[in-house]
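Each protein sequence line maps, in turn, to chains F and Z.
Numbering-wise (my numbering), the first sequence opens with residue 1 and increments by one.
Numbering-wise (my numbering), the second sequence opens with residue 1 and increments by one.
Any given hint could turn out to be false.
[Unchecked claim] Where chain F lies over chain Z, by a calculated footprint (3+ residues, C-beta under 8 Å):
hint, stretch
1, 167-174
2, 244-257
[Claimed, not checked] Per the computed footprint, the stretches of chain F lying under chain Z, defined by three or more beta-carbons under 8 Å from a beta-carbon of chain Z, are:
hint, stretch
3, 112-125
4, 158-169
Since the hints were made in silico from the structure, they are not lab data.
We put the CB at the ideal spot given by N, CA and C, even for glycine.
What follows is the residue order along each chain.
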Amino acid sequence: MSVAARAAALGAAFLVVVGVGIFVAVYYVGAATTQLPIVHYSASGGQVSVVLQEDPQNNTATTPDWVSYYTQDPVSKQWLHTTLFSVPENTKVNVTIYGYDGCTPLRNNYFSQVQGTMGGTVTVSQFDQHGKEYVTNDTTSVINSWSDCNVGHTFAIPAMGIFVPVASPNAQLSANNLCSSSPCTPSGNPYAVETFSFMSPSHTGTWRWQCLVPCGGGYIDGNSGPMQTLGWMMGEMDVVAS
Amino acid sequence: MSSTETSAAAGAPRTEPRHGWRMFWIWFVLSLPSVLIIWFVWKPHLPPGDMSSSAQHQQFDIAVLAATAAPVIIGVVLYFIYAVVVWRAKADDDSDGEPIYGNTKVQATWIIGTSAIVLWLAVFGTIELVGPAGAGAGEGPSPIWTLAGKQSATWTPGSDDILEVQVIGQQWVWTYRYPQFGGMESTELMLPEGMPVAFHVTSLDVIHSFWAYQLGVKADANPGVDNVAFTTPKAMGSFTVRCNELCGIWHGAMYNYGQVVSPTAFQTWASGVQAKEQADGVLAALPPFALTYDPTVIPQLGKNIVTVDGITGAAGYYYGPGNPVTP
Numbered sequence: 001m002s003v004a005a006r007a008a009a010l011g012a013a014f015l016v017v018v019g020v021g022i023f024v025a026v027y028y029v030g031a032a033t034t035q036l037p038i039v040h041y042s043a044s045g046g047q048v049s050v051v052l053q054e055d056p057q058n059n060t061a062t063t064p065d066w067v068s069y070y071t072q073d074p075v076s077k078q079w080l081h082t083t084l085f086s087v088p089e090n091t092k093v094n095v096t097i098y099g100y101d102g103c104t105p106l107r108n109n110y111f112s113q114v115q116g117t118m119g120g121t122v123t124v125s126q127f128d129q130h131g132k133e134y135v136t137n138d139t140t141s142v143i144n145s146w147s148d149c150n151v152g153h154t155f156a157i158p159a160m161g162i163f164v165p166v167a168s169p170n171a172q173l174s175a176n177n178l179c180s181s182s183p184c185t186p187s188g189n190p191y192a193v194e195t196f197s198f199m200s201p202s203h204t205g206t207w208r209w210q211c212l213v214p215c216g217g218g219y220i221d222g223n224s225g226p227m228q229t230l231g232w233m234m235g236e237m238d239v240v241a242s
Numbered sequence: 001m002s003s004t005e006t007s008a009a010a011g012a013p014r015t016e017p018r019h020g021w022r023m024f025w026i027w028f029v030l031s032l033p034s035v036l037i038i039w040f041v042w043k044p045h046l047p048p049g050d051m052s053s054s055a056q057h058q059q060f061d062i063a064v065l066a067a068t069a070a071p072v073i074i075g076v077v078l079y080f081i082y083a084v085v086v087w088r089a090k091a092d093d094d095s096d097g098e099p100i101y102g103n104t105k106v107q108a109t110w111i112i113g114t115s116a117i118v119l120w121l122a123v124f125g126t127i128e129l130v131g132p133a134g135a136g137a138g139e140g141p142s143p144i145w146t147l148a149g150k151q152s153a154t155w156t157p158g159s160d161d162i163l164e165v166q167v168i169g170q171q172w173v174w175t176y177r178y179p180q181f182g183g184m185e186s187t188e189l190m191l192p193e194g195m196p197v198a199f200h201v202t203s204l205d206v207i208h209s210f211w212a213y214q215l216g217v218k219a220d221a222n223p224g225v226d227n228v229a230f231t232t233p234k235a236m237g238s239f240t241v242r243c244n245e246l247c248g249i250w251h252g253a254m255y256n257y258g259q260v261v262s263p264t265a266f267q268t269w270a271s272g273v274q275a276k277e278q279a280d281g282v283l284a285a286l287p288p289f290a291l292t293y294d295p296t297v298i299p300q301l302g303k304n305i306v307t308v309d310g311i312t313g314a315a316g317y318y319y320g321p322g323n324p325v326t327p
């Protein structure tokens, strides 16, 4: 084989390898970001209502025992297994989170403090598995995850300074009666309902949100798995033009 | 037939110009403006700027090294180009090259010159590491070089008290504790201008790296390790804090901004946050200030949190290092 032919063959082989690498990267990165549905919330009267729930498991076939957030479609009221949602810019966002998962200590108890919400508070109600409300509309700025087992996860948008501990059923209910089929419903399950509000940014863009409780059970220090996967305990909030 | 023989045979000995001097003057004419440009034009724009004592030293160091390297690079490239241009064989010249012999003067110049440069770099580097107390880098839990100032349980503006700031990394946020203000914690990093600061950098999970870019401070955040770095902010304004150690999927988003303010403004801010956290009960919820934290030990509960395998976040369990089984 001539030198020119050899060089051409090597060049072609190089291009094939590079092409395969790019394809794999695009395929997997694309798969990680585009297969999740995005729930679009529209404003009404200058406000928008985002509804989430966090469950001790999920309804996927691949990783059914990963803890996970769900997002409610505002029209069909169906729970979608996604953590991607959009809200209009410069709008009051009212968030409701149903906490079905049990309590877990925060790694840094500083995040027991509610930060970045309107008034710096959240309002919490808690129910047992029989539907009995044992905490009613408690408005608080701190939910101490260490002295009392009442924090399941957090909803944090660090770039906006929003850090919200999400209430869970109490320790006794967490230990024995948690919801075991996702998406969870209030019927027959202990849960907490937490509401808070914040203003969406005044410009469009994408803001990541995440949980700060190390809730990746089965992984070193609970850091991996659902903690590092879009659609489970981390997500993105798209801010779109209103 | 060699060229010497050719010349002798021709009866006209060739007079070589003084190549060494020629190259020296060309080198000098090129090097002098290069060094001046580096020092007076480039240096003020070199990273990381001059916002702190460590940043100023780093900017100075980079300028000195660039000014040292430029004449060397010019010398090497000049010799290469000179040789190609001046000693290039003619197309019809089939003669052998000149015989090469050792030249004591050239060899001595080379050895002395390179030795002087290497020794200068070693001495300069050591001085610039020791002088600015570690040059803004993490020195580990027992720093050898420290800033002048007084370690104190309290901090007063205008004093020589060193401000202690604990930097805590966690996937994927930074928080900051101020032990001289009741151990209050914040997601904001505020620093006083003109006052010495000691950063105590640690992590609650994986390895991060605290990089306050414009301050010229960089220190690894290792779980269970107190990594100490020093600086003195020299100008008011904002600076960027980034994680500089790949720490998970949102490593790239692990950044925020700090502020250098006047000492009195800093005290007002810090005292205000302390009072608010005291009133809100946040201070009581925080663990007592320590140089490192073991998150599997929850002091308020007075016991180790149970670690279990394969449970998805319920009943107060904590997932410790002994729980690496993928469910």
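Just to make sure I understand the rule, a stretch counts as covered if three or more of its residues have a C-beta closer than 8 Å to a C-beta of the chain. Does the stretch 167-174 of chain Z meet that for chain F? holds (count 5)
Annotated coverage of the stretch 158-169 of chain F by chain Z, confirmed only when three residues or more have a Cβ within 8 Å: With 4 residues closer than 8 Å to chain Z, the stretch 158-169 of chain F meets the three-residue bar; holds.
Taking a Cβ-to-Cβ distance below 8 Å as contact, does the stretch 112-125 of chain F have at least three residues touching chain Z? holds (count 3)
Closer than 8 Å, Cβ to Cβ, for at least three residues: run that test on the stretch 244-257 of chain Z against chain F and report holds or violated. Coverage by chain F holds for the stretch 244-257 of chain Z (5 residues, Cβ < 8 Å).
Checked against the numbered hints above, the structure breaks none of them.
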